[in-house]
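Engineer: One-letter residues, chain by chain:
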Amino acid sequence: MRPESSHPLLTDARDVVLFLALQEGLPLVSRPYAALGARAGYSEAEVIARLRDWRDSGLIKRLGVIVRHRRLGYRANAMVVFDLPDEQVQQVAGIMCGLPFVTLCYRRPRHGDEWPYNLFCMIHGHDRGRVEAQIRQLIETCGILEAPTATLFSTRCFKQRGARYPLESAFLQTVEPLLPA
Amino acid sequence: MTPTERLILNHLQGGFPICERPFLAVAERLGLTEDVVIEGIRSLLDAGILSRFGPMYHAERLGGALSLVAMKAPEPVFERVVEQVNAFPEVAHNYAREHTLNLWFVLATEKPERKAEVLAEIEAVTGLPVHDMPKITEYFVGLKLTV
Numbered sequence: 638m639r640p641e642s643s644h645p646l647l648t649d650a651r652d653v654v655l656f657l658a659l660q661e662g663l664p665l666v667s668r669p670y671a672a673l674g675a676r677a678g679y680s681e682a683e684v685i686a687r688l689r690d691w692r693d694s695g696l697i698k699r700l701g702v703i704v705r706h707r708r709l710g711y712r713a714n715a716m717v718v719f720d721l722p723d724e725q726v727q728q729v730a731g732i733m734c735g736l737p738f739v740t741l742c743y744r745r746p747r748h749g750d751e752w753p754y755n756l757f758c759m760i761h762g763h764d765r766g767r768v769e770a771q772i773r774q775l776i777e778t779c780g781i782l783e784a785p786t787a788t789l790f791s792t793r794c795f796k797q798r799g800a801r802y803p804l805e806s807a808f809l810q811t812v813e814p815l816l817p818a
Numbered sequence: 003m004t005p006t007e008r009l010i011l012n013h014l015q016g017g018f019p020i021c022e023r024p025f026l027a028v029a030e031r032l033g034l035t036e037d038v039v040i041e042g043i044r045s046l047l048d049a050g051i052l053s054r055f056g057p058m059y060h061a062e063r064l065g066g067a068l069s070l071v072a073m074k075a076p077e078p079v080f081e082r083v084v085e086q087v088n089a090f091p092e093v094a095h096n097y098a099r100e101h102t103l104n105l106w107f108v109l110a111t112e113k114p115e116r117k118a119e120v121l122a123e124i125e126a127v128t129g130l131p132v133h134d135m136p137k138i139t140e141y142f143v144g145l146k147l148t149v
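Line by line, the protein sequences are chains U and E. Here the first sequence is numbered in this note's numbering, starting from 638 and rising by one per residue. Here the second sequence is numbered in this note's numbering, starting from 3 and rising by one per residue.
Here chain U stands alone, though its shape is the one from the complex (with noise of 0.2 Å):
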């Protein structure tokens, strides 16, 4: 891998020191962008052009809330996947991104015998019964009912957060006497 390509936006100290504490959240100010700018010594001009810079990118997928989708009564959480023929999956994938109740699609290797499917996706609803009917849409509106198919539901929830990026620790060295105390 090109040295380059490890954090190629990151490339003065102060963008580090902004990545960190923008990975802490927002503050909760009217002007949060000059707030973030004081703790990495960039004015606020130059921290929203950063950050539309990343966002631009790439490098932030989107800036805003992200749920815990179960206390908001999302209990009915499935898992769809399907055994397609390889050169189906784009096609199929296409169709299945139109449906307003897919919230997720993925292509993923199969595994073997065990466990065959290459094509993910994933519903989130509140009730059982009304997810397994728009599976059932789902399967016809792609017209794949002869696909191998399972469905997994979650049954619980042992972890879920947003995954945190330490940085390097030798690169974090370098900017620690800007990191605020």
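These are calculated hints, taken from the structure and not from any lab test. Since we're looking at a predicted model, the values are computed, not measured. Beta carbons are placed, not taken as given, at the ideal position from N, Cα and C, and that holds for glycine. Check before you lean on any hint, since a few could be wrong.
Unchecked claim - Residues of chain E clear of chain U, computed beta-carbon distances all greater than 10 Å: (1) 4; (2) 78; (3) 119; (4) 123; (5) 127; (6) 136.
Stated by the list, open to error - Residues from chain U shown here face chain E by an in silico Cβ test under 8 Å; the list is partial: (7) 665; (8) 685; (9) 739; (10) 773.
As the list claims (entries may be wrong) - Within a straight-line C-alpha distance of at most 25 Å, the following computed SDA-like cross-link-like pairs (lysine to any residue) qualify: (11) E:137 with U:699; (12) U:698 with U:680; (13) U:796 with E:65; (14) E:74 with E:19; (15) U:796 with E:127; (16) E:113 with U:657.
For this one, chain U is given, so just place chain E on it according to the hints.
Structural biologist: Chain E alone, transformed into the frame defined by chain U:
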């Protein structure tokens, strides 16, 4: 949850503006005041309805690795395996699901090479094999839950 909090929650799942007065911009869109938006988010965080208010970083673009991992944890040792898996800070989400592969978790590591290490450590500590299922293609990530 109050109707105002509901309004804020539904709106902010679609993103948050990057401008000088972002809470004011949201408030104007929703017909609220800036203070009501700020306090609404604070109370949603305090109530634990939001796990976070901030960025969703892109693991791969940060040079890291992200994967979905499945395990078959037999009933007698299930709770122990869950604890052992959760003890890894790289494990972000962990769910029991109805299948012979009954434990599914998301692994996020800062460095790609760390992923294989963590998987090996999980196998060593639990004594059970892991099935690594990193995404090949992401077709849709629009997880937005209306309340």
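Engineer: Now, for every hint given, state plainly whether the structure supports it.
Structural biologist: Hint by hint, here is what the structure shows:
1. 4: Check passes; 14 Å lies beyond 10 Å.
2. 78: Its Cβ never comes within 10 Å of chain U, the nearest being 17 Å, so this holds.
3. 119: Non-interface label on residue 119 (chain E) holds, nearest chain U Cβ at 15 Å vs cutoff 10 Å.
4. 123: holds, 17 Å
5. 127: holds, 16 Å
6. 136: Non-interface label fails for residue 136 (chain E): nearest chain U Cβ at 7 Å, not farther than 10 Å.
7. 665: Hint holds; residue 665 (chain U) Cβ to chain E Cβ min 5 Å, cut 8 Å.
8. 685: Nearest chain E Cβ about 6 Å off; hint holds.
9. 739: holds, 7 Å
10. 773: Because about 18 Å separates residue 773 (chain U) from the closest Cβ in chain E, which is outside the 8 Å limit, the hint is violated.
11. E:137 with U:699: holds, 19 Å
12. U:698 with U:680: holds, 23 Å
13. U:796 with E:65: holds, 24 Å
14. E:74 with E:19: Violated. Residue 74 (chain E) to residue 19 (chain E) sits at ~43 Å, over the 25 Å cutoff.
15. U:796 with E:127: With Cα atoms ~19 Å apart, residue 796 (chain U) and residue 127 (chain E) stay inside 25 Å; holds.
16. E:113 with U:657: holds, 17 Å
Hints 6, 10, 14 from the list above are not met by this structure, while the remaining hints are.
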